Amino acid sequence: MYKKQILLFAIVIAITLSGAYTFTLQNDNEGLGKQTPGDDSQKAATPKAPDSNRAEATNSTASPDCASKAKFTHHFTDINAIESIIPPIFRNSKGTMPTTLINIKQRAPLYMPGAGKLIQGAHYIEQGAEFYMWEIDAGCGITLVFDHVTEPVEKIRKLFPNAPRNDTITDFFATPLEMNAGELVGYTTGSVNAHNWNFAVYDSSEKNYLWETGTFNALPKYFTQVCPFRHYDPSMAQAYEALFTLSYNDIIVEKNLC
Numbered sequence: 671m672y673k674k675q676i677l678l679f680a681i682v683i684a685i686t687l688s689g690a691y692t693f694t695l696q697n698d699n700e701g702l703g704k705q706t707p708g709d710d711s712q713k714a715a716t717p718k719a720p721d722s723n724r725a726e727a728t729n730s731t732a733s734p735d736c737a738s739k740a741k742f743t744h745h746f747t748d749i750n751a752i753e754s755i756i757p758p759i760f761r762n763s764k765g766t767m768p769t770t771l772i773n774i775k776q777r778a779p780l781y782m783p784g785a786g787k788l789i790q791g792a793h794y795i796e797q798g799a800e801f802y803m804w805e806i807d808a809g810c811g812i813t814l815v816f817d818h819v820t821e822p823v824e825k826i827r828k829l830f831p832n833a834p835r836n837d838t839i840t841d842f843f844a845t846p847l848e849m850n851a852g853e854l855v856g857y858t859t860g861s862v863n864a865h866n867w868n869f870a871v872y873d874s875s876e877k878n879y880l881w882e883t884g885t886f887n888a889l890p891k892y893f894t895q896v897c898p899f900r901h902y903d904p905s906m907a908q909a910y911e912a913l914f915t916l917s918y919n920d921i922i923v924e925k926n927l928c
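The sequence shown begins at 671 in our numbering and counts up by one.
It cannot be assumed that every hint is accurate.
As a list, the in silico BS3-like pairs of lysine-lysine whose alpha-carbon atoms are at most 25 Å apart [as the list claims (entries may be wrong)]:
id, residue 1, residue 2
1, K828, K925
2, K825, K877
3, K828, K741
4, K775, K787
5, K787, K891
6, K925, K739
7, K764, K877
8, K741, K925
9, K828, K877
10, K787, K741
11, K739, K891
12, K739, K775
13, K764, K925
14, K787, K825
15, K741, K764
16, K891, K877
17, K739, K877
18, K787, K925
19, K891, K775
FRET-style restraints, in silico, Cβ to Cβ [to be verified]:
id, residue 1, residue 2, range
20, Q908, P831, 38 to 44 Å
21, R900, A844, 31 to 37 Å
22, A851, S763, 33 to 39 Å
23, K739, A909, 16 to 22 Å
24, N926, H745, 20 to 26 Å
25, G798, Q908, 35 to 41 Å
26, V862, K925, 26 to 32 Å
27, K787, K925, 29 to 35 Å
28, N750, A844, 15 to 21 Å
29, A864, E824, 25 to 31 Å
For the record, the hints were derived by calculation from the structure and aren't laboratory data.
Quantities reported herein were computed from a predicted structural model and do not represent experimental measurements.
By construction, the Cβ of each residue, glycine as well, lies at the ideal position given by its N, Cα and C atoms.
When you get a sec, could you build the whole thing from the sequences and use the hints?
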């Protein structure tokens, strides 16, 4: 009788331990099928250094505010200082030039046509003179470029190294500079001989005829250049359009995007 009680007790213990082991195993297997927070971050691509392609991808992110194209509410320069405008895209003795050329009569002030942030630029030497060029992110895939600026305002000048370079390769600014519509960005007397400067607008959602010709495959941003003046209300755009010249010295407009 005593032996039977011992045997029965042993069987009960064995059944209890077996059940405990089964419960523990089931919980462990469920845990193997779960991901803890942060697992997805291990699969993410390693971040790369900023470049123009990365910037464009960021700017083109869709949002409710991007339903309509950015509007310029202020003139980007004093129209009275302009002699003529060569609309994009033109050709000269050096080849196709995807930009808008602003020929000026005198030292001209430059303004933000709309709100945006300066994200990259270059301080360089050309024909013995120093110039500045920068790109502005206006949001929703729209970027603007000012080039051949001779006197940036101090807070913009501080974004650049003091010593100019011998090329126009741009560097991203450590901290983008937010600026308001209509804010003064500087002055220019234009290039050394021709006394002109460049203004360009790009829309990452569009492609112009250069994409079909493949002229600038190494510089795909040029494929997205658009007419700057279409971002103005017609009443403001007309003041610029009245100054259009489709041929000037060795320049001829190859295809007018405006």
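Here is what the structure says about each hint:
Under the criterion of a C-alpha separation no larger than 25 Å, the hint pairing K828 with K925 is inconsistent with the structure, at around 37 Å. Proximity of K825 to K877 is assessed by CA-CA distance (about 34 Å); at most 25 Å being required, the pair is judged violated. With a CA separation close to 28 Å, the supplied pair K828 and K741 exceeds the 25 Å bound. A hinted pair counts as satisfied when its Cα atoms are at most 25 Å apart, and K775 with K787 does not qualify at roughly 29 Å.
Distance restraint check for K787 and K891: the Cα-Cα separation of roughly 18 Å lies within the 25 Å cut-off, and the hinted pair is therefore satisfied. For a cut-off of 25 Å, the pair hint linking K925 to K739 stands: about 23 Å separates their Cα positions. Distance check on the hinted pair: K764 and K877 sit about 23 Å apart at the alpha-carbon level, within 25 Å; holds. Pair hint K741 plus K925 holds up; C-alpha atoms about 24 Å apart against a cutoff of 25 Å.
Of the supplied pair hints, the one linking K828 and K877 is violated, its CA atoms being roughly 34 Å apart against a limit of 25 Å. For a cut-off of 25 Å, the pair hint linking K787 to K741 stands: about 15 Å separates their Cα positions. Straight-line distance between C-alpha atoms of K739 and K891 comes to about 18 Å, which keeps the hinted pair within the 25 Å bound. Using a Cα cut-off of 25 Å, the hinted pair K739 and K775 is violated, with the two alpha carbons roughly 32 Å apart.
With a C-alpha separation of about 16 Å, the suggested pairing of K764 with K925 holds against the 25 Å cut-off. Annotation: proposed proximity of K787 to K825 holds, straight-line Cα distance about 12 Å (limit 25 Å). Between K741 and K764 the alpha-carbon distance is near 33 Å, which puts this suggested pair outside the 25 Å criterion. Proposed proximity of K891 and K877 is supported: the alpha carbons are some 9 Å apart, at most 25 Å.
For the hint linking K739 to K877, the alpha-carbon distance of about 15 Å falls within 25 Å, and the restraint holds. For the given pair, K787 sits about 30 Å from K925 by alpha-carbon distance, which is inconsistent with the 25 Å threshold. A hinted pair counts as satisfied when its Cα atoms are at most 25 Å apart, and K891 with K775 does not qualify at roughly 30 Å. Range check, Q908 to P831: Cβ separation about 40 Å, and the 38 to 44 Å hint holds.
Checking the proposed 31 to 37 Å range against R900 and A844 shows it holds: the Cβ atoms sit about 33 Å from each other. For the pair A851 and S763, the beta carbons lie near 37 Å from each other, so the given range of 33 to 39 Å is met. At roughly 20 Å, the beta carbons of K739 and A909 sit within the given window of 16 to 22 Å. Checked against the given bound of 20 to 26 Å, the beta carbons of N926 and H745, roughly 21 Å apart, stay inside it.
At roughly 38 Å, the beta carbons of G798 and Q908 sit within the given window of 35 to 41 Å. Distance hint check for V862 and K925: the Cβ-Cβ separation is about 28 Å, which falls inside the suggested range of 26 to 32 Å. Distance hint check: the CB atoms of K787 and K925 are about 31 Å apart, consistent with the given range 29 to 35 Å. The beta-carbon spacing between N750 and A844, approximately 37 Å, falls outside the hinted interval of 15 to 21 Å.
Taking 25 to 31 Å as the suggested C-beta distance range, the pair A864 and E824 conforms, at roughly 27 Å.
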